[in-house]
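Quick mapping for you: the protein sequence lines, in order, are chains A and S.
Letter by letter, the first sequence follows residues 1 to 248 in this note's numbering.
Letter by letter, the second sequence follows residues 249 to 885 in this note's numbering.
Bear in mind the hints are in silico, worked out from the structure with no lab data behind them.
By construction, the Cβ of each residue, glycine as well, lies at the ideal position given by its N, Cα and C atoms.
Just so you know, not all the hints are guaranteed correct.
Here are a few chain S residues that face chain A, going by a calculated C-beta distance under 10 Å [what the hints assert, rightly or not]:
#1 Arg-317
#2 Gln-366
#3 Gly-388
#4 His-836
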Amino acid sequence: MRLTLRIWRQPGPSSTGRFETYPAPDVSPDMSFLEMLDVVNERLETSGQAPIAFDHDCREGICGSCSMMINGIPHGPARATTTCQLHMRRFRDGDTITIEPFRAAAFPVVRDLIVDRSALDRIIEAGGYVSVATGNAPEANAMPVPKGSAERAMDAAQCIGCGACVAACPNGSAMLFTAAKVTHLGMLPQGQPERDRRVLTMVERMDLEQFGGCTNFGECHEACPKEIPLSTIARLNHDFLKASLLAD
Amino acid sequence: MKLDARIPGGPLDKKWDLHRFEMKLVNPANKRKHTVIVVGSGLAGASAAASLGELGYRVECYCFQDSPRRAHSIAAQGGINAAKNYQNDGDSVDRLFYDTIKGGDFRAREANVYRLAQVSVNIIDQCVAQGVPFAREYGGLLANRSFGGAQVSRTFYARGQTGQQLLLGAYQALERQIAAGTVTMFPRTEMLDLVVVDGQARGIITRDLVSGAVETRLADAVVLATGGYGNVFYLSTNAKGCNVTATFRAWKRGAAFGNPCYTQIHPTCIPVSGDYQSKLTLMSESLRNDGRVWVPKAPRDPRTPGDIPEAERDYYLERKYPSYGNLSPRDIASRAAKEVCDEGRGVGETGLGVYLDFADAIRRLGEDTIRERYGNLFEMYERITGENPYRLPMRIFPAAHYTMGGLWVDYNLMSTVPGLFVLGEANFSDHGANRLGASALMQGLADGYFIIPYTLGDYLATARPAPVDPGHAEVRATEAAVRERVSGLLSVSGTRTVDDFHRALGKIMWQYCGMERNAEGLRRALEEIPALRREFSRDVRVVGTGEELNQSLERAGRVADFLEFAELMCRDALHREESCGGHFRTEHQTPDGEAQRDDERFAYVAAWEYAGEGRDPVLHREPLVFENVHLATRSYK
Chain A
1 MRLTLRIWRQ PGPSSTGRFE TYPAPDVSPD MSFLEMLDVV NERLETSGQA
51 PIAFDHDCRE GICGSCSMMI NGIPHGPARA TTTCQLHMRR FRDGDTITIE
101 PFRAAAFPVV RDLIVDRSAL DRIIEAGGYV SVATGNAPEA NAMPVPKGSA
151 ERAMDAAQCI GCGACVAACP NGSAMLFTAA KVTHLGMLPQ GQPERDRRVL
201 TMVERMDLEQ FGGCTNFGEC HEACPKEIPL STIARLNHDF LKASLLAD
Chain S
249 MKLDARIPGG PLDKKWDLHR FEMKLVNPAN KRKHTVIVVG SGLAGASAAA
299 SLGELGYRVE CYCFQDSPRR AHSIAAQGGI NAAKNYQNDG DSVDRLFYDT
349 IKGGDFRARE ANVYRLAQVS VNIIDQCVAQ GVPFAREYGG LLANRSFGGA
399 QVSRTFYARG QTGQQLLLGA YQALERQIAA GTVTMFPRTE MLDLVVVDGQ
449 ARGIITRDLV SGAVETRLAD AVVLATGGYG NVFYLSTNAK GCNVTATFRA
499 WKRGAAFGNP CYTQIHPTCI PVSGDYQSKL TLMSESLRND GRVWVPKAPR
549 DPRTPGDIPE AERDYYLERK YPSYGNLSPR DIASRAAKEV CDEGRGVGET
599 GLGVYLDFAD AIRRLGEDTI RERYGNLFEM YERITGENPY RLPMRIFPAA
649 HYTMGGLWVD YNLMSTVPGL FVLGEANFSD HGANRLGASA LMQGLADGYF
699 IIPYTLGDYL ATARPAPVDP GHAEVRATEA AVRERVSGLL SVSGTRTVDD
749 FHRALGKIMW QYCGMERNAE GLRRALEEIP ALRREFSRDV RVVGTGEELN
799 QSLERAGRVA DFLEFAELMC RDALHREESC GGHFRTEHQT PDGEAQRDDE
849 RFAYVAAWEY AGEGRDPVLH REPLVFENVH LATRSYK
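So here's chain A without its partners, still in its complex pose (with noise of 0.2 Å):
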């Protein structure tokens, strides 16, 4: 295959970003777009050029570190399917393919393609866990949790923090993200003493983080490739309501 690249290249957070164009020839249809990436910057590189900046680790779509925008959707194209999964069978010899970093207030730009995503750590670290420290745990099974819990449970904690939620969401809202981890601990007994608190304390840090409120538009959950569903922000809501009634 034969393609055309316009890639966001941007040196630093405070300079000036613009698009450049690179051809790509010679794409195989079995490679990965990051693998596609590679071989670009590589011929970057010989030739003296700096290779295009971008984040990603693991390459089997868990770690949630790659992050861009493919022809204006967070991961590109596939549903429920991360960049580093995604596969250049999915794209058509010939294409142009314009590549950007997830655009949002809350991510500020690094370099190129790589932007700041510490504000989802900041969300977590306001109340996004159990408070149970090591060696306090009773044991496994002396609480029974029932399975359909579990599965609920399982299915919002699948969130793997990428932040595509964010980057497709016209507001640029982290609901989805929220949601995910309040539902996940919600879902749970072992949640529950904190349940109230977690709600109100992550939705503060949130809105502190220059993440846009929500307004339904589901975006986010399009984008999700990890599908989470969007019923987990109904339970925010749910939750953030009653936690804000009891509170006053």
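Fit chain S to the known structure of chain A by using the hints.
Structure of chain S alone, referenced to chain A:
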């Protein structure tokens, strides 16, 4: 260098209890006066940093990823072992201990492995309390599955994402401590050297991967939880960033390296498809619970799998190892796959693949059950290969996956440098010459949650490290050496990319120090590696500067260390004139092609000491004494 494993006295099942009582404690008010550096934020690092923070130490945690949640433990799929015996199928601490010792081909230390089996049950309790959503039965109790090398069902799992869920549990505990102010997190920061002052580990030199700033970080103790070195093969199941730099640099500062040649080749990975391939993807061992491994009986059979009748298929694992069958341990299953491919019976375009077939299981259990058990793995397979494994058998082939070798540690997980502790895959301690499936997660969390919190306190209370002056000559010299290395890489201005060298190294290692090894090949590797290293220092091209985010520079430093470390691996593999676990020397096999150990000569840990630039490393031996198990020939037949 003197190796003292400091194994406590007393009977095996009492050693840890007695030792815990004998260890000194740090007064709660004094804990916050101690700074502890933890490098790495995977299962071992995150659990250690969180637990030490909870105890009140001042912890600094470093990772090269942009968030601690992205450490490569996240990618572990299948599960975590624990001797809970919930299935009433005869499991016990003793049996998990024995399975692990035997699985490691009798090359691990009894006392460490026994302690691992003991604390395994506490890990499950801890993780459940954190809200890890393990799979459950309809009654609400925890479910188990089987893994290779065991005849009991003791593996706990969260679909095919067990590592992810356990890591998120540890990460959340870590974030809680960050909020509490006990842990300071340094993401996008890479350790490039260890600071040793007056013989004690007193800090690290880091590079900020965004600004490029090289800085010295001092502390009272350093904990390395930096994972394994499987990327020495270039293609492996490891994440792209996984590297040997932290442990290798610690080796050069005096920490002995234990059994570097013990590497694990995982039998079930998606086969290589082209030269551009950047990594190999694992298909969890748990698939072998229901999948059957086979190849055609006839070499180079051109038919599609569905057209090959039962009678013309060779279910070779079931045939050769009837009692364990498809659940034979990893080293054995990998070698068996290589053997049938060497006979020309491999499948797929390259002939380097075998089938993993779910047709029987789908007929027996229905597609829905299989989807519930392995749905995400099947989807991943289809995304990568474009084939539907519900209809066609998967094609799999072995790939480098895990390294049992690592820095040598004593019973307290302390290296030969006082104050330097090593946890998880980065140490050598528990898996001998082969690791059983679902035991890596167990070991990482055992080390971080339940061992280091005790043994680190004992060290600090005993050694009482005095404050160290940042201007100390050894501190400044170490920082200067790092700066020099970084600028050295940038100044070569050659013609070949870093990845090009890495691929070349990987080929040498896979060919001569991979699934099978022999003296002739290893000697050749020991000539080719230094030649490649010389070529690297003459002709590598690293674009850009050191004062910016520079991913080529990051990779260059890691590959430079792999180029040196590879030699140590081959040297260790050459000296070990026996076959054991993942280390298979073709000269040492039984008439039917199984590994032949030599307990008379090699029942020891090989701990290599760095002897200085241009000098051969020095071999030290820690004899392995087996007081509780009988050294048997490992058989899964």
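Results for each hint:
| no. | hint | result |
| --- | --- | --- |
| 1 | Arg-317 | holds (6 Å) |
| 2 | Gln-366 | violated (14 Å) |
| 3 | Gly-388 | holds (3 Å) |
| 4 | His-836 | violated (35 Å) |
The structure fails to meet hints 2 and 4 from the earlier list, while all remaining hints are met.
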